[in-house]
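Asks: Each chain, written out:
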Amino acid sequence: MLKKIAIIIITTLTLTMNVNAASDEDLILKKNNPAEIEDCSKGFNRVSFSLNQGLDKAIFKPVASLYRKLPSAVKSGTSNVLDNLSNLVTIPNNILQGEFRKAGVNTGRFVINTTIGILGLADIAEGMGFSKYEKEDYGQSLALAGVGPGCYLVIPVLGPSTARDTISSIATFIGGDAWYNVSIKNDTQYFNDLDYYSSKAASGVDFRAKNYDSIENLEKNSLDFYASVKSLYLQDRKQKILNSTKIIDTQNDGDWEEFE
Amino acid sequence: MIKKVLFFSLIFFTITTKLIAIEPDVFVQSTVNRASKLLSEDLSKDQKIEELKLIAKDTVDIKGIGFYTLGSKRKTLNDDQKSKYSQLFEQYFLKSFSSRLAEYSNPEINVYSKEKLNENYTIVNSILKATDERPEIKIDWRIYTKIADKPLIRDLIIEGLSLARTQKEEFNSVLQSNDGDISALFKTLEEFVK
Numbered sequence: 057m058l059k060k061i062a063i064i065i066i067t068t069l070t071l072t073m074n075v076n077a078a079s080d081e082d083l084i085l086k087k088n089n090p091a092e093i094e095d096c097s098k099g100f101n102r103v104s105f106s107l108n109q110g111l112d113k114a115i116f117k118p119v120a121s122l123y124r125k126l127p128s129a130v131k132s133g134t135s136n137v138l139d140n141l142s143n144l145v146t147i148p149n150n151i152l153q154g155e156f157r158k159a160g161v162n163t164g165r166f167v168i169n170t171t172i173g174i175l176g177l178a179d180i181a182e183g184m185g186f187s188k189y190e191k192e193d194y195g196q197s198l199a200l201a202g203v204g205p206g207c208y209l210v211i212p213v214l215g216p217s218t219a220r221d222t223i224s225s226i227a228t229f230i231g232g233d234a235w236y237n238v239s240i241k242n243d244t245q246y247f248n249d250l251d252y253y254s255s256k257a258a259s260g261v262d263f264r265a266k267n268y269d270s271i272e273n274l275e276k277n278s279l280d281f282y283a284s285v286k287s288l289y290l291q292d293r294k295q296k297i298l299n300s301t302k303i304i305d306t307q308n309d310g311d312w313e314e315f316e
Numbered sequence: 230m231i232k233k234v235l236f237f238s239l240i241f242f243t244i245t246t247k248l249i250a251i252e253p254d255v256f257v258q259s260t261v262n263r264a265s266k267l268l269s270e271d272l273s274k275d276q277k278i279e280e281l282k283l284i285a286k287d288t289v290d291i292k293g294i295g296f297y298t299l300g301s302k303r304k305t306l307n308d309d310q311k312s313k314y315s316q317l318f319e320q321y322f323l324k325s326f327s328s329r330l331a332e333y334s335n336p337e338i339n340v341y342s343k344e345k346l347n348e349n350y351t352i353v354n355s356i357l358k359a360t361d362e363r364p365e366i367k368i369d370w371r372i373y374t375k376i377a378d379k380p381l382i383r384d385l386i387i388e389g390l391s392l393a394r395t396q397k398e399e400f401n402s403v404l405q406s407n408d409g410d411i412s413a414l415f416k417t418l419e420e421f422v423k
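If you read the sequences in order, they're chains P and H. Take 57 as the starting number for the first sequence in the working numbering and just add one per residue. Take 230 as the starting number for the second sequence in the working numbering and just add one per residue.
Just chain P, same shape as in the assembly (with noise of 0.2 angstroms):
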């Protein structure tokens, strides 16, 4: 029994220990940083890239263009829907970061936008002078827990990922996404699948169309359009773990140092 006790208690401080240690900011930058992400399937990643390509000249181009010439009311309202809804991970993942207060601002920023705010369509919590809001994923809060990215994946329809937040949006499926849960997983009869993977979809164009000119730019100014998508993802993806947006470490002085 004794024995058990301590196995269970070293088990324990050891995970722990691994778990703090982990979340020091330069060991978490250091993990997430894109020049350490290995490209391991690079052969499937840019036959899925083009896919994808193909996918987005076909479809998201064409839909996406017509999504910038609507209202600049409708186009933003529909974002502020889809911000509201996302909301119902980004709490969760607040609550596994241990940031408790944020959890509550956006619990507090979910009910006035769905209700005085109409769905979300009107963010009223903005205009409330609630903090800025800032997104969160299972991904994330793995990332914050030590959990380094693992190869980078490209994976088909969905675009740019890693292994650990391609792993992490299981989370989804196991109910760690309300709009999943009350859309397809349990049947409410108020909502249904068609309505979660629409707005799935329409997250997916009103990306496309608030990026519209940069990714048709840089499409046709990259030596290798792959690479480029590579790490601006990967940079973007360690900001967001950091939730930082400073630029002070997106670029050693070393680098530059010997032609000063």
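Treat the hints as calculated values from the structure; they're not laboratory data. Nothing here was measured: the structure is a model prediction, and the numbers come from that model. Glycine included, each C-beta is placed from N, C-alpha and C at the ideal position. Be aware that one or more of the hints could be misleading.
[Stated by the list, open to error] Pairwise CB distance ranges, derived in the manner of DEER restraints:
(1) F415/H with V130/P: 43 to 53 angstroms
(2) T360/H with G164/P: 30 to 40 angstroms
(3) K324/H with D251/P: 21 to 31 angstroms
Given chain P's structure and the hints, the job is docking chain H onto it.
Replies: Same frame as chain P, now just chain H:
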């Protein structure tokens, strides 16, 4: 007498040098104003591209960015290769930079703060104002300030994403796909600038 002349000359040069030092935020705002004014003028796209190239040559450390982009590979190049690379990179950079900017009709960029990292670098923060088609964009400028009267742009960091770093990883990918062969990179650059 000579001592006095020397003394006053020294003071004069010290004062003059200090007077002509350009603050990085002023430098960025004046550069974007120049570009913005040009883009709003009634010129053809080709004319705008040529003018933008002149602004870039004047304000961007193209050679420095080029060697940064090449990463550790630069250590293995001989002088001829370095010279060829610098030449090709400049053409690549100017074409890529000007054609990206020429798409904008009248970008409004406002500089709002700066952060001095050290004697060599200052980060200047700015905002590209939103339009009907895209949201507001945060742009930070990495300014090389070692020569006080001639600050130079070394990187643009858009919403926290470094363009120089992206370019470096892109060039590295081209090299890796060709077993580190620099002539393959030259060929890719030559095709791009055609």
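Asks: Compare the structure with each hint and give your call.
Replies: Hints, verified against the model:
| no. | hint | result |
| --- | --- | --- |
| 1 | F415/H with V130/P: 43 to 53 angstroms | 49 angstroms, holds |
| 2 | T360/H with G164/P: 30 to 40 angstroms | 31 angstroms, holds |
| 3 | K324/H with D251/P: 21 to 31 angstroms | 46 angstroms, violated |
The structure is inconsistent with hint 3 alone, although it conforms to all the rest.
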